[in-house]
Every structure is written in structure tokens, then in C-alpha cells.
Amino acid sequence: MAGFASYADFQTEFNTNGKVYRWSFNKSSSAPEAIGVPLSLWRNTGFPAAGADPATTPGAAYDDTAGSMFFPDQASDRKFLATFSANASQSWNLILYDRLVGVGGVSLATTGDKTIDSVALPRYTGTDAEGVECWLEVSTATTVTAPVVSLNSYTNEAGGTGRAGGQITFPAVATNVNCMIGPMPLQAGDRGIRSVETLDVATAATAGIVNLVLLRRLATLVMTMSEVVETDYLLQHSSMPRIYDGASLALMGIPIIANSSTGIGGEVIVAYG
Amino acid sequence: MAGFTSYDDLINEITTNGKFYERLFHKYSTQAEAAGVGHSLWLAPGMPGAGAAPATTPGTAYDDASGSIFFPDQASDQKHLITFGAWASQGCSLILADRLVGVSGISLASTGNKTINSAALPRYSGADAAGVEAWLEVTTATTVTAPIVSLNSYTNEGGTTGRTGGTLTFPAVATNVDALIGPLPLQAGDLGIRSIEVGLNVGTAASAGIVNVLLLRRLATIPLFINSHNERDFVLQFASIPRIYDGASLMLMIIAQSANAVNIFGKLTVAYG
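Chains as they are written, first to last, in the working numbering: chain H, 9 to 281; chain P, 61 to 333.
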């Protein structure tokens, strides 16, 4: 039966049967927008290599996608995050997430409802969409005016359509490329997103393009400048996040102390049984 | 038998039997009142979406309430909090609480005893009411005078009626909407509240101000430094393994470190067996 029957079973699978994957990553971030504003590492050089911007509507579903960290499918076993470690030249939070769907080329340069019509989630389908969030990944910097945006029409985790959430204001008039704006607020009572139909731009910038990304956060580290940080998800935080087949793991960071770009290196260890 | 017989049993239930819930959340708060003052995220947009105001007396007993973080009932298993972690844009203490009963529309604009006659607790009934607290959730800001309030007549955890607690002064003349004032002091020797009757005494009135009277039970608290993620494990790190009862309607609240709005996102995990 898939999963680990005990800690001893985990050790046997991990050590004796070699059912472990290790992915060492490194990324060089671009210039962050500000302390406390998330920054995507998807489009940055390193290992994995830079990911591509998604296609325009209806976008693309991510499945072991180039640019992400991914692992072979396991038909009869289940994969779990065992440890997540990193160090950085600046103090940052580092978030590991499963990148599910992206819709590229969404312009913020005019007001009104932008057609998204995102493709179906490749994982966390149906009511498992609870916890799926919508973020906006800046691919062309905004200018002149800080946009104000909201989810004007989306389908929630229960399949309810035409849902509408609250507004978010971009952190700056000129919001840097790779900024991650979100999570987008949901309508009262909602707990996740199956798909996004339209994004409303209530206040437009003069320029600015975003990728609309549906993702699920898995783990977060707090990195102190130049110190390695590691979390064990079996004995330290007993949450053992599940890594589903097709998972396309990516990183985003949040500067803590200084608004400076950073180099990040680390490792993701996944065990399966 | 419900519960976990060992740590191995917990690993088995989570990874093999899939008896695990993961709830991601994000909230965009209104402006906090001041450092050291509680602030409710119940009405804040995000995920879960904003909750609704409770009914007027006798109020609303919360059971898997929309706007809360909740989980399916487990007839033969017990649910327990495994991890709770978050990031915040301002320093604060983040509290996870089970929102039990709310009574809306309590005016602080005149002195005297306000009728509450709160509905019966949906959980922590009888002597298990030890630890149930009363808080006031501001829905209309106070003006001109900082109110002074007290519990004038409540039923304690032992079932004794007519109990009276000490006074509490609001933190400011103009106390912000969403401020959480409390916990309200109890009579000497009391450990909790089953219900509030007539009820809330307003010893000094404001010129305006309306509150929800809440009965809640705090489950977990994590300190959050500005822009730094923090996460706690309640099995091996803080071995308290808080119980999450069927019907639990979990809400988030903060003790602010400044009079700023706070953006928060995080995750909690619950296992059952």
C-alpha cells in the first residue's frame, strides 16, 4: 500500500530501497520590488534553467515542465517532501510551490475584464482545488500608475461559477519584472480556485503585462543572510507535503531586511513509498 | 480507537491512509488599532473569503461556517492540528481560534446591561467550556469616549449562573473596526464561559460603537516577525497536538505590533485517525 506505515518503513524505503529523489537548485534573482513583496524565480537563470512564459489564453497546464523541479511519476507509490533546504546571500523567505496553470500576456495597460479562461487544473482537481491560489507574475514592468486588479469571474473549489473577489493594488507605479502579486482575494466563503475566467483591471497602468498563475504553496523557509536553513517535514514539521505525479515545483522569494537581489542555492529531497 | 497510538501510527495515517487536510490561507487585514491590541481577520478578504456577521441575540452558533477554515466531520476519528505557519507583512502574533458563538449588534453608545442571551456552545459544552473566552469584535468604530465594559451576567464552565467579571477599557476613544477587545475578565475562580446572559455591561459609553460579542477558544499562536515566515509543529516541537472538533470554525486573529494593516498568508495541517 502506498505511503509509509511507520518511521521504520520510511527509513527502509529511503535508505535500503533507495526510494529518494534529490534536486539541488540554484537561482539568481532579479531586482526585487521592495521588502515584503514576493518575487518569482521562475524566469531566472540557474538550475533548473529559466522557465518559459506560459501561452496566452487559455494558457498551459504544468506537468513535469521544463524550468521546474520535477520527479518521475510513481504509479504505485506516493511521493512526499522530506526536506527543503536553502541559503541565500540576503535574508529572504523562500516558498516552494507547485505551479499548476499559467496564462500569459495579460495586459494591465487598459481597464476592463481580461479574458483568461484558464485550462483545467492538472492536479488538485474537483474539490481538491481548495487551497489553489491565483497570483500575477509580472512579465513586463508597469509604468505611470499602480494597477488595481481583482478576480472578476472564477470558479471556486466547489465548482461555483461567476465568483468575484476583492481588489489588490500593485505595490508600485513601476512594479518590477518578476514580482508576484497576490494571492488574489476570493469571494466571501470561497477556499480555492478551479479556474479563472476573467481578471478585472479597475485601474490601468500605461504599460504592464502579467502571467496569471494558479499554484499551490507547499513549504516555506526563512533564510538568514548566508546561513543554510533546512526543514525536515517528517520529524521536525510533521506535515509531509504530498508531491503529486506531474508536480512542477518552482520557487518564489520575499525579501526580509534589504531590497536586494540574491543568489539562492538549496536542495529538495523527496521520498516515495 | 480514535487518536494516534504512536508517531508511527501518525505517519501511517497521513501517508498511507491519506487522513490529512492541508489548508492554505491568506488575509488582507484592515488597519490595526495599535500595538498590543487584538484585530480580527474574520471580515478580511482573502482565502477563506470574508465571513458573515453573526445574527443578533441569541446570535449564531458556528458549525463549519462559511468564512472559516473547516474540515469534514469524522465520525470515528479525531482531528488534530499538526502544523501552523504563516508570513506577515507586519510583525504580529497570529492566533488560530475556534469561533464558537457570535452575537451581533451590541451597542456601546449607552450605558447599562446589554442583552446577549448567547446561543448554546456548539462545542466545548458543559465543563469543557473551561478555556472558552469572550471577546468583543468592533463592527462600528467607537467615538468620543473609550468605552468601559464588563461581563455582568454569564454562566461559567461549571454551570453556575449570574457570574460577574471585571472591567475592561477600550484602547482608544476611536477604536477601529475589526479591533478585538478581550478576553473579558471573569469572576474570581472561573475558568471559562458557557454563555452570556444579560449580559454585557457598558459602564462608560461611547457616542457611537457597535460590537459582536464572541465566544471562542484559542488553539494556537505563532509569533511573526515582519516579513519573516514562522511555522510550528504541534506533534514533536510543541507536543500539544490541539484537538479540532467536528464543526470547528477556525478563524484568524492577530495581536498587532503596530497600527498598520497586515497581509498574511500561511498554511495549517490537520491529521485525523
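Do not rely on the hints blindly, as some may be mistaken.
[Stated by the list, open to error] Once the Cα atoms are required to be at most 20 Å apart in a straight line, the calculated SDA-like pairs of lysine to any residue come out as:
id: 1; chain 1: P; residue 1: LYS79; chain 2: P; residue 2: THR116
id: 2; chain 1: P; residue 1: LYS79; chain 2: H; residue 2: MET9
id: 3; chain 1: P; residue 1: LYS79; chain 2: P; residue 2: PRO302
id: 4; chain 1: P; residue 1: LYS79; chain 2: H; residue 2: LEU243
id: 5; chain 1: P; residue 1: LYS79; chain 2: H; residue 2: SER14
id: 6; chain 1: P; residue 1: LYS79; chain 2: H; residue 2: ASN34
id: 7; chain 1: P; residue 1: LYS79; chain 2: H; residue 2: ARG86
[Stated by the list, open to error] To spell it out: a stretch of chain P is covered by chain H in this simulated footprint if at least three of its residues, at any positions, have a beta carbon under 8 Å from a beta carbon of chain H; those stretches are:
id: 8; region: 138-145
id: 9; region: 284-290
The hints are simulated quantities; they were obtained by calculation from the structure and are not laboratory data.
Ideal placement from N, C-alpha and C gives every residue a C-beta, glycine not left out.
These are the hints, each one checked on the structure:
Proximity of P:LYS79 to P:THR116 is assessed by CA-CA distance (about 38 Å); at most 20 Å being required, the pair is judged violated. At roughly 14 Å between alpha-carbon atoms, P:LYS79 and H:MET9 fall within 20 Å of each other, so this suggested pair holds. A C-alpha spacing of about 16 Å is found between P:LYS79 and P:PRO302, which places the hinted pair at or below 20 Å, so the restraint holds. Proposed proximity of P:LYS79 and H:LEU243 is supported: the alpha carbons are some 18 Å apart, at most 20 Å.
A threshold of 20 Å between alpha carbons decides the hint, and for P:LYS79 with H:SER14 the separation of about 14 Å falls inside it, so the pair holds. For the hint pairing P:LYS79 with H:ASN34, the CA-to-CA distance comes to about 34 Å; that exceeds 20 Å, so the pair is violated. Simply put, P:LYS79 and H:ARG86 have alpha-carbon atoms about 14 Å apart, close enough for the 20 Å limit, and the pair holds. By the rule of at least three residues with a Cβ nearer than 8 Å to a Cβ of chain H, the coverage given for the region 138-145 of chain P holds, with 3 such residues.
Look at the region 284-290 of chain P against chain H: 5 of its residues bring a Cβ nearer than 8 Å to a Cβ of that chain, three or more, so the hint holds.
This entry does not satisfy hints 1, 6, going by the numbered hints stated previously.
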